[in-house]
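Protein sequence lines correspond, in order, to chains V and F. The working numbering numbers the first residue of the first sequence as 1 and each following residue consecutively. The working numbering numbers the first residue of the second sequence as 1001 and each following residue consecutively.
It is possible that part of the hints are untrue.
Interface residues of chain F toward chain V, partial, derived using beta-carbon atoms under 10 Å [unchecked claim]:
| no. | residue |
| --- | --- |
| 1 | Thr1170 |
| 2 | Asp1171 |
| 3 | Gln1172 |
| 4 | His1173 |
| 5 | Leu1491 |
| 6 | His1493 |
| 7 | Gln1498 |
| 8 | Gln1499 |
For the record, the hints were derived by calculation from the structure and aren't laboratory data. Backbone N, C-alpha and C define an ideal beta-carbon position, used for all residues, glycine too.
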Amino acid sequence: MARYSRGIWQAVWLTALVMWSFLLSSCDKDNNELIVYTSVDQHYSEPLFKAFEAATGINIRVVYDIEAAKTTGLANRLIAEAANPQADVFWSGETMQMHRLLQKNVLAPYRPPNLPANAHVFAGDYWIEFGGRARVLIVNTARLGNAVAPDSILDLASQTWPGNQIAIAYPMFGTTATHAAALTDIWGDAQALDYFSRLKQRGVRYVAGNSSVRDLVVSGQVLFGITDTDDACIAVARGHPVSVIFPDQQPNGLGAFVIPNGVALIAGGKNRQNAKTFINYLTGSEVMGLLAKAGWFYVDGQTVIANSTCGLPKMLKVMPHNISDAPETLAEFQRDLRALVVQ
Amino acid sequence: MSHLPPRNSPALSGLWQIRYAPAVVLWGVIALGPIVVLIYDLALSSFNATDLRIRVFSLRSTLLLLKSVMIAGSVSICAMVFAIALVRITREANFRFIRWLLWLSLALLLVPPYIHATAWITFVDKIVAGFGGVGLQFRGLSNVAGVIWIQIMAFFPLSLAFAIAAFRMTDQHQIDTARVFSPDWAVFRSIELPQILPAASIGAALVFILSITDFSVASLMLVEVYALEAFVEYSVASNSLSSFIIALPLLVIGVVIILIIIAPIKKLSISTIFSQPRPARLQRPRLSTLYILGLLACVFCALQFMVPIIMLTLDAFPAADILLIVGNNTEVIFNSVASATIAAAVSVLLALGLLPMLKTWRTLTLILIPLAVPASLIGIGMIRLWTLPGLDLVYNTAVMPVLAPIARLSSVAILALYIQSRRYDTMLTDVARQFRGNGPAVWFCVLLPLWLPGFAIGFFAVFGLALSELTTNLLVSAPGQQMLTVKTFSLLHYGASQQVAILCLLVLAMSMLSMGVVFFAAATMKKLSWS
């Protein structure tokens, strides 16, 4: 009985010790901290956060997003917290959600003092756009064989290839949503909606995210799909039998859609000065180079800046666009698109 | 059996009547609160019935739900069939290695499904590549079949635990007598099956619920399942109400299953798993279909154990990087272990407080309802609840990742303690109370030792499951409080790598350690003849 009692008490004290350590570590409010919400893949963003911490001594606490809800999930969380903001900075892998956040008064204006030439402020300094990834076609070369590879986003809707051999991420979140919004600017809402409707009618596979498109093509389940350069070039780097193509590069082609990253100050954030320090750091030339080297950024305007062996040309024709300044119209388009795709 | 009236301690009699209140209120707020607040929103909303019909009963949703039910049904049936076959051959044939296989497989009880998915995808891809299958991968060979196979592997230990409990409740002498006159299949159908059915049905039901509410495996295998719909809906629309509506079919299915298994739960006891001595065999094993199925189950069990361990270990090398990667993730590991420990401790204390309330099937059903609720709904409900005025101090703090597993998994601890509490002779406490009243001495010296197996199993089950909890942590993670499962799952979509393998091995090791402690505790208590 004594041995049993001793064992029980040992277990109780150990549990209490763990609880106490946890409470101490959680309650220890660090005044020199920063809270960042980011939809940039943790694999790319985490080393940057650690480097910033080492350089400045500012403790960064991060909320990451996951593949199934890219950027939209975080944007919704920021909107829900608007009355009592938890975050200080929002770093996004695309910029469409910035329009929505601006409309909901989540953002605060800030222009870094030494903004490089390749970073741009938007909407009255409410967010900064920098770097870029391109939307590309990824093709399984083992399955393609000697056939002519697709070279346009219009190939997803054409009859040349069976619909169930093509994949695209759901256009309700992430870069696919941004791409869809850009198409409304070029084609108009009706034609853009018609495009996605044809994809659905043809049985094109809508999947959870861009990495899922990559995985489907790599595994040979589909012949080709549309994804981002960071996802596609990983597959090439790993030696999978795929090729990556900038779409619509013909003289009369649309051009490839380039998606810059966005970073913004959150209105009412509790660590404003640290947030500005981080934004200055993030939009600096050094970070641009680091992210290009890591494979997150691929292009800067029309120039390829990544050092990858993705097989893409050094210059690309970029799709000109001006994503709508009318968030209500965009929101309505997104609702129609969602109803079309998920029902 | 007569119950002697306890001698009331004057100091405690006043408090005696309200002793249940704190546990009831706490559990009610933490575990039922998220669901109640969503139901409340639904009741107050002006939700359009047409919208409901379009979203929930659309062709796409209906087909997706049917597909998910088919997958979950296949997983639960196949896992239980293999488990029964394995346990049966363990009792038939006196091969020690089969018993070792059984315990090794049980050690993986708390390992999350996505770890099995990672290991199997790597394993099959290597084999296919080895046979020259360039460009082909596991996910390309068969999606739905792959999901079913991996989930069977993941939930097999749970089926095994209930199969063991089921066979412990059979009368071996009846079986041996019947085998004198009838072939094995007839004996199994007529004698064994009716006796093992209650426990086996509980195991199959729990596996069904876990399978239908899991989306991690399907996500990695690029298969759409209904469990992901509510999560995606919330992420897209940030509307807890529409997410609740979409998750309703899963909730209804889970509640119906809980109602079906309430009666068998009352018959089950944990102590029979460890304490009942194995009867002496009267007959030699016969080569029959069941025996061959049992041998196949052994192969299956060996694969179930070896593939995750071997594949993840191979991917984790070179060994020099292991310490580096573990060092880089110490904060994440600490967050996960600490949250799981606190959640398990609180769950066990809540179980202790709620135990006297579990007298009717209604209260037992209520306690088990959180198990039937999809994890995404628990997370969404928690966000809704803990952002209410007055409760919002908790939101976005380190407390949320602790509350999440309590909300979802405390029912496991309560169930474990409930089953254990029904096993002891109540005369023991009646006699003790004759001399020491209702004071703490009876609790510490009599009740606690008798309930200890239930405590231990409840604590470590919640600890291991909390360590592997993914969906609710995705939704309620606080800044800087990322959990190990979330980080691992996030990195998996980037692509399986050495870092993922090491993190998966960590989760696997901690889960196995939890089960190891349970086995050790059970063996110790058996040795001391306490259970």
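Structure-based check of each hint:
no.	hint	result
1	Thr1170	32 Å, violated
2	Asp1171	33 Å, violated
3	Gln1172	32 Å, violated
4	His1173	35 Å, violated
5	Leu1491	6 Å, holds
6	His1493	4 Å, holds
7	Gln1498	12 Å, violated
8	Gln1499	9 Å, holds
Violated hints, in rising order: 1, 2, 3, 4, 7; the structure is consistent with all others.
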